[in-house]
Amino acid sequence: MNCKNQTCFIIPEYVNKKIVEKGTKKQKEHAWKNLILTEQLRGRRLVTGLMSSMFSISNRLDRTIFDAQNTETLPGTLVRHEGGKAKGGKTVTEAYDYSGSTYTFFKDIFKRNSIDTRGMRLDSTVHYGEDYNNAFWNGTQMVYGDGDGEIFQRFTKSIDVIGHELSHGVTQYEAALEYEGQAGALNESFSDVFGSLVKQYSLKQRAEKADWLIGSGLFTSKVKGAALRSMKEPGTAYDDPTIGKDPQPNHMKYYVNTTSDNGGVHINSGIPNRAFYLTAMDLGGYAWEKAGKIWYIALTERLRERTNFQKAANVTYAIASNLYGEGSHEQKAVKSAWYQVGINIKAVK
Amino acid sequence: MIIRVEREGGIAGIPISNEMDSKDVPSDLLRAAKKIADGKKSSSPLKSLPKGAADHYTYKISVQDGGNRSVIECNQFNIGDDLRSLVKYVEKNSKQKKTN
Chain S
1 MNCKNQTCFI IPEYVNKKIV EKGTKKQKEH AWKNLILTEQ LRGRRLVTGL
51 MSSMFSISNR LDRTIFDAQN TETLPGTLVR HEGGKAKGGK TVTEAYDYSG
101 STYTFFKDIF KRNSIDTRGM RLDSTVHYGE DYNNAFWNGT QMVYGDGDGE
151 IFQRFTKSID VIGHELSHGV TQYEAALEYE GQAGALNESF SDVFGSLVKQ
201 YSLKQRAEKA DWLIGSGLFT SKVKGAALRS MKEPGTAYDD PTIGKDPQPN
251 HMKYYVNTTS DNGGVHINSG IPNRAFYLTA MDLGGYAWEK AGKIWYIALT
301 ERLRERTNFQ KAANVTYAIA SNLYGEGSHE QKAVKSAWYQ VGINIKAVK
Chain A
1 MIIRVEREGG IAGIPISNEM DSKDVPSDLL RAAKKIADGK KSSSPLKSLP
51 KGAADHYTYK ISVQDGGNRS VIECNQFNIG DDLRSLVKYV EKNSKQKKTN
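Protein chains in written order, with the numbering used here: chain S, 1 to 349; chain A, 1 to 100.
A portion of the hints provided could be inaccurate.
Stated by the list, open to error - Cut-off 30 Å, straight-line C-alpha distance, at most; resulting in silico cross-link-like pairs (DSS-like, lysine-lysine):
{"hint": "1", "chain 1": "S", "residue 1": "LYS245", "chain 2": "A", "residue 2": "LYS88"}
{"hint": "2", "chain 1": "S", "residue 1": "LYS107", "chain 2": "S", "residue 2": "LYS204"}
{"hint": "3", "chain 1": "S", "residue 1": "LYS293", "chain 2": "A", "residue 2": "LYS51"}
What the hints assert, rightly or not - Partial list, computed: chain S residues near chain A (C-beta under 7 Å):
{"hint": "4", "residue": "ASN134"}
{"hint": "5", "residue": "ALA135"}
{"hint": "6", "residue": "PHE136"}
{"hint": "7", "residue": "GLY139"}
{"hint": "8", "residue": "GLN141"}
{"hint": "9", "residue": "GLN172"}
{"hint": "10", "residue": "VAL256"}
Because the hints were derived from the structure by calculation, they are not lab data. For each residue, glycine too, the CB sits at the ideal point set by N, CA and C.
Next up, chain S with everything else stripped away, as it sits in the complex:
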């Protein structure tokens, strides 16, 4: 009998998993029901991962780059696939290389197999729209505009922007944070966190050497600004007569209550962004090793669709305790970081 956490099952979990993979159709159905029952009882989210095992899983990096040829039709014309000859110019090369860097980061550091943990192919479309000043994740792929040349340059230029978009995919398959209000701001913040870490990892950069900017180099020389956002000093990334001033708050007392931008998802993300930055700086070394690990576990194992800032703070504090010990320097660093942005961690379950 298999007993874990006071819940016992006649057929061990590993046997059911094996049957799901190798059994006959009828055996698979029975094993599948057993696993669902097991998961329901345990309240864990392993089922989604197990479902993967019923289908083909790739363990290799697989990228495709499409060219929309300045239309808004997706995905566009295939211009490069995994292992294929480099062609299509620097925009295609950047999309290809930086999506590879993002895959490598998640695989090396968190043993994650692509966006969905099943080796999902990374599809990107470049040259989307005319003078298109944006990059977005549409639920299945990344999309990059060329910029208008007045305010923005091409969006593939920034590795952390590509890491940011792919991380939205990771969030989609994990905590599935609602794109609204504080949950939406956390969704944005996790993408900034992992986007920045992708860049830092590619440069083998320690926390104190990182620029902690998102979208550095995207603005043209006509714009007075360093980047889209600053995780170190939210609200200071740009201040320009044409596009205005970076509106991000760096503390809860400046939290922006708004209906715009899905409740300010790109605005209030400055608060959790700075909490991550402060944690990483306090811990020192490579930010992905401890701070990144805490945040990754929060995203993939503990947070849910409607998480707010307080819950995220509590969860990261609890994870720091689990990983490094109650009262550890790491746990204190997490608590201090959230406190400095106006979130006081009190009781943690």
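Keeping the supplied structure of chain S fixed, place chain A upon it in accordance with the hints.
Just chain A now, with coordinates in the frame of chain S:
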């Protein structure tokens, strides 16, 4: 009629609004604006939003006709071809741009 297009979201999160008088808009593009003014288009800011989508644009399109003002909200995935063409035209040709 005054047509106003407010765009929010995107990875930069920088809002921008553009405004044009309908007399400066080609007549074939005005049909969508008239539908808004006549209440024949309804808001759907979240409808057809793909699961997990992020950094997309959302739009608020208003039509001021004399003392009457009609507004609809939509996103880049469900905006529809007629409104998309109107929005693009206004964004490209408006001389009254405003951010923040």
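task: State the violated hints by number, sorted upward, taking the hints as numbered earlier in the document.
output: 8 and 10
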